[in-house]
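Chemist: Please model the complete structure; the sequences and the hints are all you need to start from.
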Amino acid sequence: MTTVLTTLLSHYRRHPGQLVMLLLGLWVASALWSGIQAINATARDSYARADALFATELDQLERRDGATLSRDEYHALRQAGLPVSPLLEGNVVTQDGTRLTLIGIDPLTLPSENALGQAGTSSSLTAFLTPPWQTRVAPDALTALGLERGNAPGATPTLAEGGKLPPLTLSPALPPNTLIMDIAAAARLLASGEAITRLVAAPGALTTAPPDYTLTRATSLASPGQLTESFHLNLTALGLLALVVGLFIVQAALGLALEQRLGMLRTLRVLGVSGRTLVAALSLELLLLGVIGGLTGIASGVWLARWLLPDVAATLGSLYGADVGQTLSLPWQYWMGGLAVSLGGLLLAGSGVLWRAARLNVLSLGQMQAWRSGFRRQLTLMSIAGGLAAAIGLGLTLWLAQQPPGDGLLAGFGVVAALLLASALWLPPLMALTLKGLTHLARRRPLTQWALADMQLQLPRLSLAMMALLVALATNLGVGSMVGGFRVTFLDWLDQRLVAPLYINAPADQYDAIDTWLADRPEVSERLLTRRSETTLLAIDTPDESRSLSLAIDLYGITPGESLTPHWPLLNTLDDRPSAWAAFDNGAVFVNEQLATAENLSPGDRLTLRAPNGNETLTITAVYPDYGNPSGQVLMASHQLAARFEAPPSSMGLVLHENANVEALRNALTTRFGLSNDAISDQREIKRIATEIFERTFTITRALNVLTLAVASLALLASLLAQARSRRQQLAPLWALGVPRAQLARLNLAQLGGAALATGLLAIPLGIAITWGLVAVINVAAFGWRLPLHLFPGEMAVTLATAVGVALLAAALPALRFWRASPRALLAEETHQ
Amino acid sequence: MLEFDQVHKTYATPQGPIRVLKDVTLRLAPGQSLALMGESGSGKSTLLHLAAGLDLPDQGTITLAGEGLAALAEPARAKLRREQLGLVFQQFHLVPSLTVIDNLRLQARLARRDDTAWTAHLLERLGLHGLEKRYPEQLSGGQQQRLAIGRALAPRPALLLADEPTGNLDETTASHVLELLLSLVHETQCALLVVTHSPQVAAPLDRCLRLSHGSLLDATP
Ligand SMILES: Nc1ncnc2c1ncn2[C@@H]1O[C@H](COP(=O)(O)OP(=O)(O)O)[C@@H](O)[C@H]1O
Ligand SMILES: [Mg+2]
Chain A
56 MTTVLTTLLS
66 HYRRHPGQLV
76 MLLLGLWVAS
86 ALWSGIQAIN
96 ATARDSYARA
106 DALFATELDQ
116 LERRDGATLS
126 RDEYHALRQA
136 GLPVSPLLEG
146 NVVTQDGTRL
156 TLIGIDPLTL
166 PSENALGQAG
176 TSSSLTAFLT
186 PPWQTRVAPD
196 ALTALGLERG
206 NAPGATPTLA
216 EGGKLPPLTL
226 SPALPPNTLI
236 MDIAAAARLL
246 ASGEAITRLV
256 AAPGALTTAP
266 PDYTLTRATS
276 LASPGQLTES
286 FHLNLTALGL
296 LALVVGLFIV
306 QAALGLALEQ
316 RLGMLRTLRV
326 LGVSGRTLVA
336 ALSLELLLLG
346 VIGGLTGIAS
356 GVWLARWLLP
366 DVAATLGSLY
376 GADVGQTLSL
386 PWQYWMGGLA
396 VSLGGLLLAG
406 SGVLWRAARL
416 NVLSLGQMQA
426 WRSGFRRQLT
436 LMSIAGGLAA
446 AIGLGLTLWL
456 AQQPPGDGLL
466 AGFGVVAALL
476 LASALWLPPL
486 MALTLKGLTH
496 LARRRPLTQW
506 ALADMQLQLP
516 RLSLAMMALL
526 VALATNLGVG
536 SMVGGFRVTF
546 LDWLDQRLVA
556 PLYINAPADQ
566 YDAIDTWLAD
576 RPEVSERLLT
586 RRSETTLLAI
596 DTPDESRSLS
606 LAIDLYGITP
616 GESLTPHWPL
626 LNTLDDRPSA
636 WAAFDNGAVF
646 VNEQLATAEN
656 LSPGDRLTLR
666 APNGNETLTI
676 TAVYPDYGNP
686 SGQVLMASHQ
696 LAARFEAPPS
706 SMGLVLHENA
716 NVEALRNALT
726 TRFGLSNDAI
736 SDQREIKRIA
746 TEIFERTFTI
756 TRALNVLTLA
766 VASLALLASL
776 LAQARSRRQQ
786 LAPLWALGVP
796 RAQLARLNLA
806 QLGGAALATG
816 LLAIPLGIAI
826 TWGLVAVINV
836 AAFGWRLPLH
846 LFPGEMAVTL
856 ATAVGVALLA
866 AALPALRFWR
876 ASPRALLAEE
886 THQ
Chain B
1147 MLEFDQVHKT
1157 YATPQGPIRV
1167 LKDVTLRLAP
1177 GQSLALMGES
1187 GSGKSTLLHL
1197 AAGLDLPDQG
1207 TITLAGEGLA
1217 ALAEPARAKL
1227 RREQLGLVFQ
1237 QFHLVPSLTV
1247 IDNLRLQARL
1257 ARRDDTAWTA
1267 HLLERLGLHG
1277 LEKRYPEQLS
1287 GGQQQRLAIG
1297 RALAPRPALL
1307 LADEPTGNLD
1317 ETTASHVLEL
1327 LLSLVHETQC
1337 ALLVVTHSPQ
1347 VAAPLDRCLR
1357 LSHGSLLDAT
1367 P
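Line by line, the protein sequences are chains A and B.
Our numbering numbers the first residue of the first sequence as 56 and each following residue consecutively.
Our numbering numbers the first residue of the second sequence as 1147 and each following residue consecutively.
Simulated from the structure, these hints should not be mistaken for lab results.
Every residue, glycine too, gets a C-beta built ideally from N, C-alpha and C.
Take these hints with a grain of salt, some might be off.
Claimed, not checked - Cβ-Cβ distance ranges computed for the label pairs, FRET-style:
{"id": "1", "chain 1": "B", "residue 1": "1212", "chain 2": "A", "residue 2": "413", "range": "25 to 31 Å"}
{"id": "2", "chain 1": "B", "residue 1": "1159", "chain 2": "A", "residue 2": "457", "range": "52 to 58 Å"}
{"id": "3", "chain 1": "A", "residue 1": "874", "chain 2": "B", "residue 2": "1278", "range": "33 to 39 Å"}
{"id": "4", "chain 1": "A", "residue 1": "339", "chain 2": "B", "residue 2": "1275", "range": "31 to 37 Å"}
{"id": "5", "chain 1": "B", "residue 1": "1273", "chain 2": "A", "residue 2": "432", "range": "45 to 51 Å"}
Modeler: So, in structure tokens, the structure goes:
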């Protein structure tokens, strides 16, 4: 067995390129896959910890008018016998600039089954409740505090603004970037005086909200895990794609390595190695390669995840408000799973090779012709399998068309996958057919005919690399157009919504005074006050049905001023835009696309919303796009929102006359009302921040996309280089027959460049189809909004050029060696064929 | 050593069955040498493949080293081949990724009969001394065939089967290689069945058979 194995492996000593290609494929596949799984596992761990805390396990009580709660109000409610507990939330900034969430609790009144209520022994409860107090913190927040795990317990780090945290105790169950301490200690650190952020109660402990309060039930709060599911599904799909592309490479490399060892296999069989032993040795070889490639892949995957995690965390934070830790947290299942996937994938990629090796007849082993004749059958099988995949894709598309929009995330991915698979499988038969036709056409031009016939001979070895290239190119184009399209749409949308050059963010009770003062300023032409509140959607009336539900939604009030209404983006309206806005001013509402998609709403439907003074039933007159918002939102005129829902003001946009002195107005406002520095922001700043968030959102998509394309290019390069030697053997006789070397080199370039170009051209319509699947199906199901289809010819040209460039490079290296080889060496190669 | 008893072999082809061997009976005692002659396509290689257990007859029995081949499973036939047989072909079938010395020792290692002194002696006798670290493609045709012969004899087989071992070599090289083959066979005292076209090859051997239209005739001069 050892002799057989070393003999088999000796092949790689003489063809290290093939070994590199094999390991590269495995490494890449398992690196990308396990990197993404590492990110998912870490995020899941963070969600679990956040879930275990307050947000989803406690009912919450807030003031209806949005004003801050005070300790007196808390005492009043307690005296009235309500089992509420106070919570103070704020942010502190560490010395390295990281913002941490600080939560002050009262452990004595906090419902005891909550993760935080378990203060432990009475001595630790005393330590928690009395000076110098305690800070509970998860170990992954320690880096931000400049501490090591070892010296953390008992440390009292100093914050950016000079305050000192109470002595730390480690509590791994806490969410990342969160500090927990007694409410008194928190109030001191935050200098928040008597204020309380919210009151919480055990689920169901309060039957109704006290007057002037809104009660949000724990069950109506979506947990971050649910919200972000689609995001992680997206990531997983990209990871799966990378895995598949990597395995394509592995399969190509294995096939090549086996094909070149057929002679060796036959010799071994003749020398008395049984077929079974041979298959066992080949399997052992696979296992060995799998363990090496898989382990290095997982190690790099963890590194990749560490590199991408900050961006993913930022994305999840800005898109879903979910807090994800910055340190990887990987359970043992992760490591085992990663290795299992690499080995399983390898086995899948290698099973064909093993099967063929086991079935080969001793006497015909090593006969190229027998090997090749299988290719025609393989082409037929590929066409059939491709047809099957296409049928599945078509079926899923038809099924999706029957579904309400927003459903079928998995089916959406299914359509895209089926499309990719069908195209990849059809590529080799299509190429074979085209080549055959072209060979026939070129029968009067012997050299061209030879080149085409030669391509047909190369096809079995090339087809896998071409398929991988097609898949990678199409995905790259598809995802690229999706991201690019989103960017264009998003920036337009920002422009349309941000019509005012200045925005004020002041405490809610100051807006009246600010408004009165601004009314007299000549440079201000319009004041666009916004209000915000939350409520529950109770019922929906459409022409077909009435249904009741209980859905937490956001309320947003805007002032439909002259400068706002012409630009505010609307997707569809009941009548025309002017009448929609007129109705809006009179109390009709608009809903965002997310809500319309989720609840299948259209203009003309009526919504019943819980309001302080009885329920309000309002008509929808338009649907508007609301990119990046995870929740459903109902939009109405600010004054209507104030009248019907007692919503507090949240910001004010100022439209100014031309030549207005913006700086003077800004200064005047700040001094007149004692506003903080960041209370007034100009439009450009807001756009910059929004764009920054957007860019971070797609960093990971872009990174994975580029990696996948790079891998596919490498695969093509490697598989072309791997057969460079046999290429020279093919070319030498032609050269001996009197064809100039320059012409042979040119032919070679044309062959591979042409094949890559054909693949690239096929990838373009496929890429567009994928973009469509992403923006029209998957995006709607995942985020609730649809994007217009944007195409970027420039980007497509670059992708196409990359493919052709790689192929030309791969063809040029052997051609160059051919060019420089001595005639004797060429003929020697020929005789050793 | 080797016995064919009323062996028939037919190949099925798209153009209909070809009856290659008809009722072939043959006996080769240990240490005996035999030349097999016949026109191209007469079935000499087929007979050799059957003898090596690489293929099975349609009818009749073949016994090698006392074992009926048809009764053995493939792994057992492989074991028999590994331990009892040496095979030399017209195309040398060396392993291109192994060095000369590793190729030479390959079968001996597989049969667990690697004998350093014997291999060193073989290397000397084959005239490959000093070329141990080369790869097969860096050898001449004659050297490659000598290496293939050495590989077959390294485990000291009981029977050497050679299929036109000099068919790919020029005349002078061929006679050198053949001389070497015969003297090594003599030295190892193994039985020999060699397929050849050349009467010179057949002359010094114990017996000579001719295959014609699927039947064996004695052609010992
Ligand atoms: N695998 C096979 N399938 C069909 N016919 C075969 C096969 N192998 C050999 N033959 C045929 O059997 C006959 C004998 O072949 P072979 O034993 O190789 O002859 P020789 O070695 O004497 O030249 C030839 O006609 C050949 O075409
Ligand atoms: Mg023959």
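Chemist: Honestly, which of those hints from before does the structure not fit?
Modeler: none
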